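Residues per chain, in single letters:
2 protein chains.
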Amino acid sequence: MEKMLENIGKEIELKGWLHGIRGSNKFQFLTFRTSGQLIQVIAEKEILGEEVFKIVKSLTQETSISIKGIILANEKANLGWEIQLRQIEIISPSSDYPITPKEHGTDFLFSHRHLWLRSKKQLVILRVRSELSFQIRNFFHQKKYTNIDTPILTGSVGESAGTLFSTDYFDLGKAYLAQTGQLYLETAIFAHEKVYCFGPTFRAEKSKTRRHLTEFWMVEAETAFLENEQNIQFQDEFVRTVVQKTVEACKLDLEILERDTTKLLSQVATAFQVIDYSNAIEHLKSSGFSIEWGEDINAEGENILTEKLGGAIFIKNYPRAIKAFYMKQNPNDQKTVLCSDLIAPDGVGEIIGGSEREVDFDKIVARIQEEDLPLEGYSWYLDLRKYGSVPHSGWGLGLERLVAWVCGLPHVRECIPFPRMMYRIFP
Amino acid sequence: MEKMLENIGKEIELKGWLHGIRGSNKFQFLTFRTSGQLIQVIAEKEILGEEVFKIVKSLTQETSISIKGIILANEKANLGWEIQLRQIEIISPSSDYPITPKEHGTDFLFSHRHLWLRSKKQLVILRVRSELSFQIRNFFHQKKYTNIDTPILTGSVGESAGTLFSTDYFDLGKAYLAQTGQLYLETAIFAHEKVYCFGPTFRAEKSKTRRHLTEFWMVEAETAFLENEQNIQFQDEFVRTVVQKTVEACKLDLEILERDTTKLLSQVATAFQVIDYSNAIEHLKSSGFSIEWGEDINAEGENILTEKLGGAIFIKNYPRAIKAFYMKQNPNDQKTVLCSDLIAPDGVGEIIGGSEREVDFDKIVARIQEEDLPLEGYSWYLDLRKYGSVPHSGWGLGLERLVAWVCGLPHVRECIPFPRMMYRIFP
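Keeping their order, the protein sequence lines are chains W and X.
The first sequence finishes on residue 427 if you use the numbering used here, and the numbering steps up by one all the way, no holes.
The second sequence finishes on residue 427 if you use the numbering used here, and the numbering steps up by one all the way, no holes.
The reader is advised that the hints may include incorrect statements.
Identical copies carry no separate label here, and so any pair may be met within one copy or between two of them.
[Stated by the list, open to error] With a cut-off of at most 27 Å between alpha-carbon atoms, the simulated DSS-like pairs for lysine-lysine come out as follows: (1) 3 with 263; (2) 57 with 102; (3) 194 with 15; (4) 57 with 15; (5) 208 with 10; (6) 194 with 251; (7) 45 with 174; (8) 335 with 144.
Since the hints were made in silico from the structure, they are not lab data.
Here the structure is a predicted model, which is why all the values come from computation and not from measurement.
Using the sequences and the hints given, assemble the complete structure.
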């Protein structure tokens, strides 16, 4: 499709779908969807003849068609060119297509997600997601990280036992759907040192916010001999690189979404700011936001901070009591842990959580017990602190939130092909 | 590590693990694991002094250490160079590491999978898997396929309802873990035309063969306007490309596995043979194998065919009765469907199943009913045959079987970081 402007005047044959149609008794303007693009096709009665023109005029939305026509330059067409129709063949009809050009409710659209995917914006969002996914893998491949696919079916539990989906597993009792691959990734650093996983993740949370899904894709990295500060730098390089490369590759797609890419590129042009949790609390208090040291920072608080500081920010060294058991205690301040959250601007909020991991056997056992987690389920994880433990750090990024930021969308549910929410498992 | 031979005589500082140690009262030979490689390190009493040499000699397996030394050329070392130790620091101790150089039983090793990953062969197998995964994604990215992540949690069912894991899903009843992303991929071809997914897949099969896992990774592709014969060509190009590129990138790894890469490369040098199912049955009968037209070809039959025909083979046009409901009826022979299985040689067996899809609404409804599948669960899938249906084809490849072939392994269970089998969910 890129080289059409070099082929003005030539004949072309294409297969695709009738995305939309409008016109008069002499001209019909077809929006034709092919290879994931929308192309303007002009049908003129004088050229086609009465009979063919009548067929064109009666075409219904989503009919699959095969067309022949001449490529014409047209500055007003979205691509700079259009097709003058010469021949048309119907592949398969379509009647009463449920998604019409009129406005539909959100619930209706998600109930017709299998068809809604064909819509202009939805098509483009998933193409951006696809590119972002590839750039993520490419980043790690170039840095010689080994891709370790961590299991979904697990006997032990990651972060919190209360929000797990479970299934019967033959004669072995229950298996749980993994909330994170981190603990498994940690086993692999002893062999590969630099590892990542990227796959679906599950949270049985009764949450209905615009930032939560019950099934979402997460990319997680784990690196041996890496300390928290270096881990933050690594995340910074990662996010800015994959966003820059995706914007570059998806320029036309982001234009369709009316995303201000100049602003986005300026947001990822230089290293993100890094502030201390305690510092963040002071900022919030001085903005009149009601919060005390020791409390978690909610979505509203995150927004205030990114607006005040003008971009994405890392907040580091949170209170130990509100973070996961595996985070390393801060040697300079025992109330906090060596961790970071990356907060994206424009209302997107937290996109990455990362930390240096606790490597002291006794400290980690104490934390598992404090959290009331079943110690026996972690026996294999604790082995990693027995046999040649090393300093290491890692992080996890939620793909849909990154897609939301890049595309400029308020809700993650359009950022995944088939969103799963508390009240939605269909189609 | 690649450029060490250019740095002979220079000092180097590395962190890693003591993989193994042997030697005398004057020399100790350490196998040092760093950056996923095994390096020979020579400790000489005369150079290190009595005290440090004593520490080295007492080092135990898997102790994490930081070393300083001089790079020396040594043709006998596996990498062509080794390190002469000058300084050593223990990062963290390791005592009674369970996996010793002696032989261990399979069950013991899989129960210690979190540590076994550090072993020479296991490390290399997962690096090959990682490269293969990347080459798969790279292939599709270059061909402008859109990556569509299909859901794991599903309300409807793919191939057979009897072998599904299920979980309670809030107030919506049961959700099932997807056995395939195909039906969802089919929805996306109407928007993107060329799509693929690549993620974990689940089969609650009570199967204990060396080719089955309950959780495995599958890559599936779906292409609009593609017929069965072209679909076979596409699979051929795909498999041969990703295997060639992986062998190229993992030469040293495959040497460690003692894989005959010359043989493997010759097996993927030219297009695979394509034979008809009926033809395959004749071949088998003439080999004295007991089978009748209409029966499925089991692992033994597959082996006979690949040996007789000397390489990987596509078997096409199977009997309709033994294949899935969504496969297109063969217009030239109504008893068969337009499909293909790719059988890999060397005892690996079926690695891909593919087909052209049935697009006729009435035929597909009849097949769903014949198979006793719940029609209402497929309402959204049937919509695809109502609104601008087009000819299309697709296929799915099991990653672990491809890894087994490339690495020359008899069993898929070593081809995934944490294998899930009927009797194994831990660690």
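Verification of the hints:
1. Taking the closest pair of Cα atoms, residue 3 and residue 263 never come within 27 Å of each other, the shortest separation being 29 Å inside a single copy and 42 Å across copies.
2. Proximity of residue 57 and residue 102 under a CA criterion of 27 Å is satisfied intra-copy only: 20 Å inside one chain copy versus 79 Å between copies.
3. For a Cα distance limit of 27 Å, the shortest separation of residue 194 from residue 15 across copies, 13 Å, qualifies, whereas the shortest one inside one copy, 45 Å, does not.
4. Proximity of residue 57 and residue 15 under a CA criterion of 27 Å is satisfied intra-copy only: 18 Å inside one chain copy versus 72 Å between copies.
5. Within a single copy, residue 208 and residue 10 get their C-alpha atoms no closer than 53 Å, and across copies no closer than 60 Å, so neither meets the 27 Å cut-off.
6. With identical chains, the CA atoms of residue 194 and residue 251 are at most 27 Å apart between copies only, with a shortest distance of 20 Å across copies and 32 Å within one.
7. In this assembly of identical chains, residue 45 and residue 174 lie within 27 Å of each other by CA distance neither inside one copy nor across copies; the values are 67 Å within and 55 Å between.
8. Taking the shortest Cα distances, residue 335 and residue 144 never come within 27 Å of each other, neither inside one copy (36 Å) nor across copies (50 Å).
Violated hints, in rising order: 1, 5, 7, 8; the structure is consistent with all others.
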